[in-house]
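Chains A and B, in that order, give the protein sequences.
Quick note: the first sequence uses my numbering, first residue 32, plus one each step.
Quick note: the second sequence uses my numbering, first residue 523, plus one each step.
Mixed in with the good hints there might be a few duds.
The calculated label-pair distances, taken between Cβ atoms and stated as ranges, are [to be verified]:
no. : chain 1 : residue 1 : chain 2 : residue 2 : range
1   : B       : Leu874    : A       : Val48     : 40 to 48 Å
2   : A       : Gly200    : B       : Ser774    : 47 to 55 Å
3   : B       : Ala867    : A       : Ala272    : 57 to 65 Å
4   : A       : Leu318    : B       : Pro756    : 35 to 43 Å
Listed next, the stretches of chain B that the computed footprint assigns to chain A, with coverage defined by at least 3 CB atoms under 8 Å from CB atoms of chain A [as the list claims (entries may be wrong)]:
no. : region
5   : 583-596
6   : 807-817
Calculated pairs, DSSO-like style, for lysine-lysine (alpha carbon to alpha carbon, straight line, at most 30 Å) [said to hold, decoys possible]:
no. : chain 1 : residue 1 : chain 2 : residue 2
7   : B       : Lys878    : A       : Lys191
8   : A       : Lys419    : B       : Lys536
9   : A       : Lys83     : A       : Lys309
10  : B       : Lys878    : A       : Lys320
These aren't lab readings, by the way, just hints derived from the structure by calculation.
In this text, a Cβ means the ideal position worked out from N, Cα and C, and glycines have one as well.
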Amino acid sequence: MSGYYLNLAIRCLRRNVALTALIIAAVGVGIGATMTVFTVLLAMSGDPIPAKSSQLFTPQIDVWGPSARRTGASADSQLPAGLAYHDAVALMQAHAAVRQAAMYGISQVILPPSGEPMPRGGRATYRDFFAMFQVPFHSGAPWSVQDEVAHRNVVVLGAKLAAQLFPSGNAVGQEVTMETGAFRVVGVLEPWNPQPLFYDPSGNAFGRDEEFFMPFTVAIEHQLGGNSLLCHSGLSSEWTARLESSCVWIQFWAELPNAAAARAYRSFLRNYVADQQKSGRFGWPPLVKLSNVRQWLQIEHIVPDEVRLNALLALGFLLVCLVNAIGLMLARFAGRSATYAVRRALGASRFDIFLQCMVETAVVGALGGALGLTLTALGLAGQRATLKSVSAYTGQLTHLDPSLMALTVTVAIGATVLSGLYPAWRAARSPIGWQLKEQ
Amino acid sequence: MEVMPILSTLRRNKVGAMLVALQIALTLAVVANALAVIQRHWTDMTRPSGLDEANIFSMANQWVGQPDDLAARIETDMAALRALPGVVDAEATNSFPLSGRSWVWGASVKSHQATESAQTSVYFDTVHGLAAQGLRLAVGRWFTPDEVIEFKTNEIKSTPSVVLSAALAKRLFPDGQALGRSVYVTGDEPERVVGIVERATSASGTGMEYVEFSTFVPGQLVNSQLLYLVRTKPGQQQAVMRGAKQRLLEISRLRILNAVEPFSDSRTNLFAVAAATNWLLATVCALLLVITACGTVGLTMLWVAQRRRQIGMRRALGARRIDILRYFHTENLLISAAGALLGIATGLGANLWFAKHLAMTRMSPVYIVAGALVVLLLSQLAVLWPALRAATVPPSLAARGL
Chain A
32 MSGYYLNLAI RCLRRNVALT ALIIAAVGVG IGATMTVFTV LLAMSGDPIP
82 AKSSQLFTPQ IDVWGPSARR TGASADSQLP AGLAYHDAVA LMQAHAAVRQ
132 AAMYGISQVI LPPSGEPMPR GGRATYRDFF AMFQVPFHSG APWSVQDEVA
182 HRNVVVLGAK LAAQLFPSGN AVGQEVTMET GAFRVVGVLE PWNPQPLFYD
232 PSGNAFGRDE EFFMPFTVAI EHQLGGNSLL CHSGLSSEWT ARLESSCVWI
282 QFWAELPNAA AARAYRSFLR NYVADQQKSG RFGWPPLVKL SNVRQWLQIE
332 HIVPDEVRLN ALLALGFLLV CLVNAIGLML ARFAGRSATY AVRRALGASR
382 FDIFLQCMVE TAVVGALGGA LGLTLTALGL AGQRATLKSV SAYTGQLTHL
432 DPSLMALTVT VAIGATVLSG LYPAWRAARS PIGWQLKEQ
Chain B
523 MEVMPILSTL RRNKVGAMLV ALQIALTLAV VANALAVIQR HWTDMTRPSG
573 LDEANIFSMA NQWVGQPDDL AARIETDMAA LRALPGVVDA EATNSFPLSG
623 RSWVWGASVK SHQATESAQT SVYFDTVHGL AAQGLRLAVG RWFTPDEVIE
673 FKTNEIKSTP SVVLSAALAK RLFPDGQALG RSVYVTGDEP ERVVGIVERA
723 TSASGTGMEY VEFSTFVPGQ LVNSQLLYLV RTKPGQQQAV MRGAKQRLLE
773 ISRLRILNAV EPFSDSRTNL FAVAAATNWL LATVCALLLV ITACGTVGLT
823 MLWVAQRRRQ IGMRRALGAR RIDILRYFHT ENLLISAAGA LLGIATGLGA
873 NLWFAKHLAM TRMSPVYIVA GALVVLLLSQ LAVLWPALRA ATVPPSLAAR
923 GL
């Protein structure tokens, strides 16, 4: 039966081409514009590490105290986004979680044996970083605890940098010359670039690449400053002063596999800061906060307001297109009421008519979806072209993957069918006799 | 005119009328808010920086291998750049307006103020800063050589003086007497305002309230990464740009020179996302208006088709073509006016919500009312063709089928 309706639907679509085209255009343009904007929003609000996002936690400690807070917002929402060196080291030594790593972003100029020097971004961290974040290794392995303790110059290279420095292949065991000295390569990663860069989203969470990783202890020994430094007071150019200061510049992540572990870690943190207060470091009862990946991305305000605003506008746009489609479908079915009357007179039930109209609507929705998909691809290509200079947009933010395509078509058909309900219901209810008499 | 019969007809066709009105309302609300976003971006994109934009180019210089004679190297570079033919002046700095490298501090008028009076962009400049950027002094003077001190990375020292942008001076000292007064920007020691420049925007070029707040600090930042800013004589930028890069590499190759670009490129890059968003929103708005118009045409066509016999009767009873035309236009005006009123309310409501939750600027009601008029006009145009078709219905149709 539904095959027959499909056949009928296609015949009917061909009968009133202008109106059909108008409905398809309305649905397609609405879907196209909305999905172009939503692609960016979805990419920005995606989960960068879905398998573990609820098991990874980052602490915040109230090192600046109440005097650094503004009135109006809650104290809890104004804790410094990062740790001071003192606390990062203390938490590492306490080893209170299954895995933990203090880390900070660094920049180095890499000097290849031949060719231009290459400025690159990287990260100083502990070896747990790799296992905790499930970083895939192409060859080699993370450095050892001994490397960390003995401050050995070892480095793990990202896939891109390894390919640039050692095009012939095996990089493990080779030496890389950086500004700070020669580093032995212990591992090379598979391409890995979680977006947003959840473990350090400050500044730019998208389109940033970290291409090498070295032991935290080595970076500190070489006095490598971080890429960001937030101070409430006492900014100084002296390295030892920086290590002793309350400036926050270090991220810290801990793996806590279940709720009990998270609870235990929270109370550990509370005890830690209470001890610090007793020892006279804080003149106030310090707050602590422990957030998992999703909560942290919220706190760091990863999705710009601007993108949310655009998404809402796009949603409004889709709504207009659908209201438009409802009107046009009403017109379409009403124009064919005589045909329905004949079918009813020949024995079709109201439900049959309703079903026929809905099948027709779904066909229109599918065609609108196809148009919408094309327009989405065009819109994203346009965005990429105009945003060539903004690295984030040339990457994953404007990437149309198969799941997104499926979503686009599903939304198109779903929305069209939804907007076809009322017109179809009306068509099914139109009286028979009066229509037939008019013929 | 014949409003009552139209209303009674509409009462029998509630759904269709409501759909048209709803569509107009939503269109107006979306378009008005989108235009508000576009307008805000446009304001940012076209706001003058206060610099001599046409004749400035910049380079990002990074020394390789942490040399310990940075101060001397910067000095050598600057001397070489200033000696190039066609160069007005050059400066090595942390940032400049619209460079995209924000360096924002709090500015206060009293020491140890609990909350800062304003947030300001901070630029480190030597005696060459004024000429190298082409800034225009409103009052006072620029820095003298003895005021300029050396800053290491992450070091905070108080300087004897600062120069403020006029907007910041007005914010800190609303009485308009900023010159010679003390401010606290770099630390707890007072700094005297020795000059005020007419205009200098923030490095990010956005940030509604703070965008015009800038402070120039007399300092030479000694850092392995700095921005080199070069102002040339009119028309010589291209040639100097090539020569400058070459000259710097002759002095030392142990450096990375990035982003060698005229000021206009810095501006374009800084606002690339805003420009792309504007294009997207403008396209969406245009499409939205077209679709709404098409929808109105479609529905009115339906109504004309449904009322062919009634139209025929009216014609037979003596109505002229213009009367039929006017009927449909009046009907449309009633519906879309209702929609426009709803749209104004929805649009303003949405804007208030956006302003509260999504850091959007408040929209002037004048804009949305103007938008409403445009939408009404468009709607009237859309109804013209179906109404003309209606007017051609012959009076004889009334007699048929009776």
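Now for the hints, and whether the structure bears them out:
Taking 40 to 48 Å as the suggested C-beta distance range, the pair B/Leu874 and A/Val48 conforms, at roughly 44 Å. Distance hint check: the CB atoms of A/Gly200 and B/Ser774 are about 34 Å apart, inconsistent with the given range 47 to 55 Å. Checked against the given bound of 57 to 65 Å, the beta carbons of B/Ala867 and A/Ala272, roughly 59 Å apart, stay inside it. At about 58 Å, the beta-carbon gap between A/Leu318 and B/Pro756 misses the expected band of 35 to 43 Å.
Here's how the region 583-596 of chain B fares: 4 of its residues keep a CB closer than 8 Å to some CB of chain A, so the rule of at least three is met and the hint holds. Restraint check on the region 807-817 of chain B versus chain A: 6 residues with Cβ-Cβ distances below 8 Å, three needed, restraint holds. Note on B/Lys878 and A/Lys191: the hinted pairing is violated, with a Cα-Cα distance of about 43 Å set against a maximum of 30 Å. The suggested pairing of A/Lys419 with B/Lys536 is violated, with an alpha-carbon distance near 50 Å, which exceeds 30 Å.
Proximity of A/Lys83 to A/Lys309 is assessed by CA-CA distance (about 35 Å); at most 30 Å being required, the pair is judged violated. As the CA atoms of B/Lys878 and A/Lys320 are separated by approximately 27 Å, the hinted pair is consistent with the 30 Å bound.
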